[in-house]
Amino acid sequence: MSDHPSLRRLIEGVELPAEERRELLSHLQACPGCRAELAERDPSLLFAILALEPVPADVLDRVSRSAEAAIAREQGRSALRRTYAWGSLAASIVVAGLLGAYFWTQRGLDAPPDRPTVVDAIPAPAADAAMPAGMIELLDSPGSADVVEMTVGDVEVVMIFDEAMGI
Amino acid sequence: MRDEGELIRAAVDGDTEAVSELVRRKREQVVRIAYQVTGDWEDAVDVSQGVFVRLWKGLGRYDPSRRFDTWLYRITVNAAIDLVRSRERGLQPLPDEPQELPASPGRASAESALDLAELRRAFARLSARLAPKQRAAFVLREIEGLETAEVARIMNVAESTVRNHLLQARRVLRLGLEREYPGLVPEGFRKSEGES
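Residue numbers (our numbering), protein chains in the order written: chain A, 1 to 167; chain B, 168 to 363.
Please keep in mind that the hints were generated in silico from the structure rather than gathered at the bench.
Cβ coordinates follow ideal geometry from the N, Cα and C atoms, glycine included.
Check the hints yourself; a few may be wrong.
[What the hints assert, rightly or not] Computed beta-carbon distance windows for the label pairs:
| # | chain 1 | residue 1 | chain 2 | residue 2 | range |
| --- | --- | --- | --- | --- | --- |
| 1 | A | Trp86 | B | Glu255 | 16 to 22 angstroms |
| 2 | B | Asn331 | A | Pro5 | 28 to 34 angstroms |
| 3 | A | Ser26 | B | Arg169 | 26 to 32 angstroms |
Sequences and hints are given; from them, build the entire structure.
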């Protein structure tokens, strides 16, 4: 009986090293006595011997060929998707640039009139200077400033004299 | 020869030789499990092709701290179960099994080597009565020889669920063997229905 290996670990479901398991199952296939021992626990365990069934060589070849071909097709599709993605991005940038340039130029044509530049402060007239004709002096002067309003012809002129500010 | 980790890294980096080598190393395991679950070599080849494409697409997300084979088996079992289920929905009919029982060799089988082809026919017929997940659990545990914990990880279920699948599967297969393939069951052994 020493030629008959122990079936304990197989029955208990211990994961055996591949080679050891293959030897055990090969023995089971050949030894009716050991099969009977195994079946005593559970006849369905006999199906473990199916692990010895070889995979036909042509099946293995077909798996390799079909898998590699399918992966190569996926690699091609991935490359095409990447090219498409970069192309779309580049096109979007160009379109955005063109639109931006268009609206920028349009903005230039409709630009509001230039803002008036700051007019140099008018120096205060000398204290003894005569008031020009048509001048109307405003009595309400803000702070230290003197505000003078006058009409010359059709033009209204307002002058502000502020010694503190030098105007 | 590159180790598996190196091979996977190279495959992730787009090394087509590494991809081919990975397919060559794993194809037997994949097609065998696919065959055990679907019961048909053609289906097994189709399943295997899909498995390797999914594997390649998912390599970038593979976590090297986890066992590679667990992930591979999971993809394989799920793909095989999906195929079996699609057949059961009537999209692809199961191949017709001959109704006559094999000639019972009686005591002869108790004294001779077991015919693998006969065993295969018995399994194909009887396991077709199992739910796909029961069949998958039985294949992984009893035919592929994986531990219950590993089967649970592959099938992404609790160990108790695996044990339940196995209990159901063994009961159906045992009863079927006794009734329809008595020649395969060694002489002198017969368990009555209802015993565990």
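Are A:Ser26 and B:Arg169 spaced within 26 to 32 angstroms by their CB atoms?
holds (31 angstroms)
Does the hinted range 16 to 22 angstroms hold for A:Trp86 and B:Glu255 at CB?
violated (45 angstroms)
Mind checking the hinted window 28 to 34 angstroms against the Cβ distance between B:Asn331 and A:Pro5?
At 30 angstroms between Cβs, range holds.
Hint check: a violation occurs at hint 1 only; the rest are consistent with the structure.
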